[in-house]
Amino acid sequence: MPVIVTANAIDPGALATEFFRSHPDAAVATFTGFVRDFNETSRVQALFLECYVEMAGKVLTSLGEGAASRFELKAWHIVHRFGTLTAKEPIVFVATSADHRAEAFSACEFIMDALKTDAPFWKQEHDGAKATWVSAKLADENRRNRWVEEDKTP
Amino acid sequence: MPVIVTANAIDPGALATEFFRSHPDAAVATFTGFVRDFNETSRVQALFLECYVEMAGKVLTSLGEGAASRFELKAWHIVHRFGTLTAKEPIVFVATSADHRAEAFSACEFIMDALKTDAPFWKQEHDGAKATWVSAKLADENRRNRWVEEDKTP
Amino acid sequence: MKKEVVGRVNGTMTVTVKFFSLIREAVGEEQTTITLSDELRTVAQLKTHLGQRGEQWREALSHPNLIQAVNQRVVFEDQLLKNTDEVAFFPPMTGG
Amino acid sequence: MKKEVVGRVNGTMTVTVKFFSLIREAVGEEQTTITLSDELRTVAQLKTHLGQRGEQWREALSHPNLIQAVNQRVVFEDQLLKNTDEVAFFPPMTGG
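Chains as they are written, first to last, in the numbering used here: chain A, 139 to 292; chain B, 139 to 292; chain C, 167 to 262; chain D, 167 to 262.
Do not rely on the hints blindly, as some may be mistaken.
Pulled a few chain B residues facing chain D out of the computed Cβ check, cut under 8 Å [as the list claims (entries may be wrong)]:
id, residue
1, Gly171
2, Glu188
3, Glu192
4, Lys196
5, Met250
6, Leu253
7, Lys254
8, Asp256
9, Pro258
10, Trp260
11, Trp271
12, Leu276
Computed cross-link-like contacts, DSS-like style, restricted to lysine-lysine with a CA-CA straight-line distance of at most 27 Å [said to hold, decoys possible]:
id, chain 1, residue 1, chain 2, residue 2
13, B, Lys275, B, Lys226
14, B, Lys275, D, Lys213
15, B, Lys196, B, Lys212
16, A, Lys268, A, Lys226
17, A, Lys212, A, Lys275
18, C, Lys213, A, Lys275
19, A, Lys268, C, Lys213
20, A, Lys275, B, Lys212
21, A, Lys212, B, Lys226
Source of the hints: derived by calculation from the structure; they are not laboratory data.
Since the model is a prediction, treat every value here as computed from it, not as a measurement.
For glycine and all other residues, C-beta sits at the position ideal for the given N, C-alpha and C.
Whenever a hint applies, use it, and build me the whole structure from the sequences.
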């Protein structure tokens, strides 16, 4: 299954190993996100990642399929964790394979950028004393819009 | 060691697993290149990858260090195979980690682009009947030059 | 399918409404069921209706960055609702 | 260091020259040693010198895309050579 949304721990090494084994195409890119152990003001001890599970599956599938068509991917895989995570735990794993590296890289970055703004997950950081919902970043919105601009070019 | 140039088979799954374990930074990108099983005209059965080993180690180290400084990497790893490979075998593995995904992606792509034109490896494709040295691609040269253009901006 | 038939047999058309993150915390509920009527056929009308539950509800649902989804797709406020639709309200997403 | 001292004791200054890929095939050798002289102090002069070994050599070393490295760094033709330098000639690289 190309999309997995799970409350269980994910193992990006095992996911990468399996993807490389199944899809040894000329160019394979991966991205893995881990929980930060710091934010702007303090040490992060735990992260609660809320998820609208049914919608997340649909959105990630749509993003993967869109990337596959736009960048002529041979294969792709998106795995996203939710629930309570500790610092340095993996949150997200994306892999893309293509005949050429430009496509593999672009697709992987496109999926990550789109996932940040379009997939229904919400981060709440716990530093021991208090819990803070993470605000959506303008930088993420801008990165997302890069791909929309490109859509408009003839 | 951040650079490995080897005539032995490489295992990108194991390399990725070890990199994720050692460097669970917020953003980790990897790229793996596998031997193509086709070229413009025919099926590729084997690839001979010639290498100027002493120079390759120096060039790749310099590329990795340049990328680390330019993109504020937390860690990086470059592994390049040489010798005789069969179709679908891994040739190259690059991993980069950073605080933010833009840097991890850019550094990984920069290293791959620069490696293509600057690292002393030469591909010779064997299709059973004949052996053909692969020509350097203008596209690779152009991709390499994107990063030089960026250097010039104030 | 079955759910929709049951709704019609009972003579009522309902939607399920879900709340996430800050919005869930503000309204103090994860999920509620609302009966549609001639005056309650769009997402905008649903927001007005829920806002009558109290100031917390009204504030949460009038947040300028509020996102609304119907059947797991982001929609505009004028989206028409039909029996058994799943509506969700949440703030901008911060996954990845 | 030691190698350089030995070279001077023997009264000769030499460079090692390596060939790779198409250039290696064209000249039929992987490596050769050349003694430097007053008339052979630059990479350009080394190419002219090696070109005298035959048409194959001359052609291979006058290829417009030829790349030359000294001590594993790409250099221009006017690069000065010194004792124990390692020179290499090869076509554009195609790794990765």
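Tested hints:
no.: 1; hint: Gly171; result: holds, 6 Å
no.: 2; hint: Glu188; result: holds, 5 Å
no.: 3; hint: Glu192; result: holds, 6 Å
no.: 4; hint: Lys196; result: holds, 5 Å
no.: 5; hint: Met250; result: holds, 6 Å
no.: 6; hint: Leu253; result: holds, 5 Å
no.: 7; hint: Lys254; result: holds, 4 Å
no.: 8; hint: Asp256; result: holds, 7 Å
no.: 9; hint: Pro258; result: holds, 6 Å
no.: 10; hint: Trp260; result: holds, 4 Å
no.: 11; hint: Trp271; result: holds, 5 Å
no.: 12; hint: Leu276; result: violated, 10 Å
no.: 13; hint: Lys275/B - Lys226/B; result: holds, 21 Å
no.: 14; hint: Lys275/B - Lys213/D; result: holds, 26 Å
no.: 15; hint: Lys196/B - Lys212/B; result: holds, 20 Å
no.: 16; hint: Lys268/A - Lys226/A; result: holds, 19 Å
no.: 17; hint: Lys212/A - Lys275/A; result: violated, 32 Å
no.: 18; hint: Lys213/C - Lys275/A; result: holds, 26 Å
no.: 19; hint: Lys268/A - Lys213/C; result: violated, 30 Å
no.: 20; hint: Lys275/A - Lys212/B; result: holds, 22 Å
no.: 21; hint: Lys212/A - Lys226/B; result: holds, 14 Å
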